[in-house]
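Asker: One-letter residues, chain by chain:
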Amino acid sequence: MNKHKQNDLDLKQAFSPMPDDCYQALMHAARSVKEEEPVKKTSFRMALIAAAILILTMAVALAANELGIINFMDRFRARLPESALDLMAKTENKTFAVGPLEITLRELLADGRVVMMTAHANKADESPAVLVAGSGDMSDRIPESEAKRLKLPQETTFIEAARQIKAPLYIVYPYLTIDFELLHGEEMMAEFYAEDGALLQMQMLQTKPDQINETLEAMLTLHVREINPETGEQVEGRDWRVEEKISVPVNKTVTEKSYTPDGNALLDGYTVKSLKAEQTVAGIYLTTQAEAGPEVKRENVYQTLYTWEYRTVDDKPFPDGISMSGYLVDDAWPVVTLHQMIGLGEFPDVMKLSGIDGISLTTLK
Amino acid sequence: MDKDFFVREIERVSQMLYRVSFTILQNDEDCKDALQQTALKAWEKRGSLREPQYFSSWLTRILINETRNIQRKRRGLVSLETVQEPAADPPNPELSIIIHSMPEKLRLPLILRYAEGMSYEQIAKTLRLPLSTVRGRIYRAKQHLRKELEA
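Protein sequence lines, in the order shown, are assigned to chains L and C. Take any residue in the first sequence, count from 1 to its spot, add 923: that is its number in my numbering. Take any residue in the second sequence, count from 1 to its spot, add 1041: that is its number in my numbering.
Among the hints, erroneous ones may be present.
[To be verified] The following label-pair restraints were derived from C-beta to C-beta distances:
#	chain 1	residue 1	chain 2	residue 2	range
1	C	Tyr1180	L	Arg1161	46 to 54 Å
2	L	Glu1015	C	Glu1162	34 to 42 Å
3	C	Arg1187	L	Pro1172	46 to 54 Å
4	C	Ile1138	L	Ala1255	27 to 35 Å
5	L	Asn1223	C	Glu1070	29 to 37 Å
6	C	Gly1158	L	Lys957	27 to 35 Å
7	L	Asp1238	C	Ile1138	38 to 46 Å
[What the hints assert, rightly or not] Stretch-level coverage of chain C by chain L, calculated; a stretch enters the list once three of its residues show a Cβ under 8 Å from a Cβ in chain L:
#	segment
8	1045–1055
9	1174–1187
If you're looking for bench data, these hints aren't it; they were derived computationally from the structure. Model, not experiment: these values are computed from the prediction. Just so it is clear, CB atoms sit at the ideal spot from N, CA and C, and this is done for glycine as well.
Here chain L stands alone, though its shape is the one from the complex (with noise of 0.2 Å):
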């Protein structure tokens, strides 16, 4: 097909007709809005009591569990640097009583690249209730850990959970907010279940590094809905929402360090050109130049290229990074430039890469 024909194609033909109910559960979402939700700006008054609330919860809560950024590690096969976790841990805890719940501000870290937070949410009376994430929906299954608390089946759904234990059920939403003009990739939120089925929800936001200052501002909105187990609907009336404006320290401080092949510098039929690692507080990213030999099929190159590995001297990977900047350029071809992360609080003097097969290695130094 020449080049006019294919011009002349048109891709929407490629894709069915929107199904109805697509549509309807789109505009069922948009209409259900609420013009004017009782928006609650904290007060600096309202902070000092929120404070006082927090000196009489914090001990409790430290006792009760420790929950933090350290539980979603494993599940992402990731590691902070000890760095990253103490500045988070001296994060000043707010908690902040959000309807019949209290949410509280956990952790916060920024460096430029990431911006990261977490929140923990529990009911305030301790009386029995489902709590829900924001980035979840209801009608998921609840975790292993609410199984065996509510003492159900793992194939029970949030809100037949709530159902069968007569308890209400809570849509529970803290996020942050930063200038859209400064969000750089992707939004990522994940949740965490305490055994005494207390919520620690994290969000990870991309931020433009060239853009951030030495503080982040940002709103940061805890929102909490209770919804009638026998219906799914909302109960009427039971919908809060806190805002509070923040200011995010940044910790911008970053060192770099430059690696160059030693010896065999060619992997997969590329020749590794280069790798810049720049340390900042969240970890170690890298930048890999590698350039493609002429027997390389440039369609390969990301099967090829995602299964680089960054290893130790001994020849055992290194702990990947939080962010998710894990990304390929190739529009420099045959030239391409690798982002990765990984989990170190200090440069690796020796690095190997490691190949598609696991087992080729260039070293670099």
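Given the structure of chain L, go ahead and fit chain C onto it with the hints provided.
Answerer: Only chain C this time, still in chain L's reference frame:
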């Protein structure tokens, strides 16, 4: 942003939102979840949109984040129960097969450019990619498409 504007704009771009979600998720059930969550989150986060003229790319960005969250949740959870019935036949089934068998990194910018009519700059802004990367991916997607159509 008031509710009338919000609902009207969502309705105006609804088909586009469906095509973008299907481009990534390739499954109507997941698209339904992504679309629903997108509308709710967009309203929640309406404060982050300062310029209403960016509504479409802002909303598309939220949708892409939702599809990523769904992909993460579904990863490793595909079982017989979650296999979906195929959607109704698209008007051009041959084109559909070619498009949906492309790597997503090529497919998504191609669809945003040639199905949704976005400029390269808008795509770069929406996907948070350098302009040169967007151009490169669309170029490669077109090459792939041409090769497959000729085959």
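Asker: Are there at least three residues in the segment 1045–1055 of chain C whose beta carbon sits under 8 Å from a beta carbon of chain L?
Answerer: holds (count 5)
Asker: Does the Cβ pair Asn1223(L), Glu1070(C) satisfy 29 to 37 Å?
Answerer: holds (32 Å)
Asker: Using the beta carbons of Arg1187(C) and Pro1172(L), state whether their distance is inside 46 to 54 Å or not.
Answerer: holds (51 Å)
Asker: Tyr1180(C) and Arg1161(L), beta-carbon distance inside 46 to 54 Å?
Answerer: holds (53 Å)
Asker: Indicate whether the distance between the beta carbons of Ile1138(C) and Ala1255(L) respects the range 27 to 35 Å.
Answerer: holds (31 Å)
Asker: Just to be sure I understand the hint, the distance between the Cβ atoms of Glu1015(L) and Glu1162(C) should be within 34 to 42 Å; is that true here?
Answerer: holds (41 Å)
Asker: How does the coverage statement for the segment 1174–1187 of chain C fare against chain L, requiring three or more residues with Cβ below 8 Å from a Cβ of that chain?
Answerer: holds (count 9)
Asker: Given a hinted range of 27 to 35 Å, is it respected by the beta-carbon distance of Gly1158(C) and Lys957(L)?
Answerer: holds (33 Å)
Asker: Against the range 38 to 46 Å, how does the distance between the Cβ atoms of Asp1238(L) and Ile1138(C) compare: consistent or not?
Answerer: Because 42 Å falls inside the window, the suggested range holds.
When held up to the earlier numbered hints, the structure conflicts with none and fits them all.
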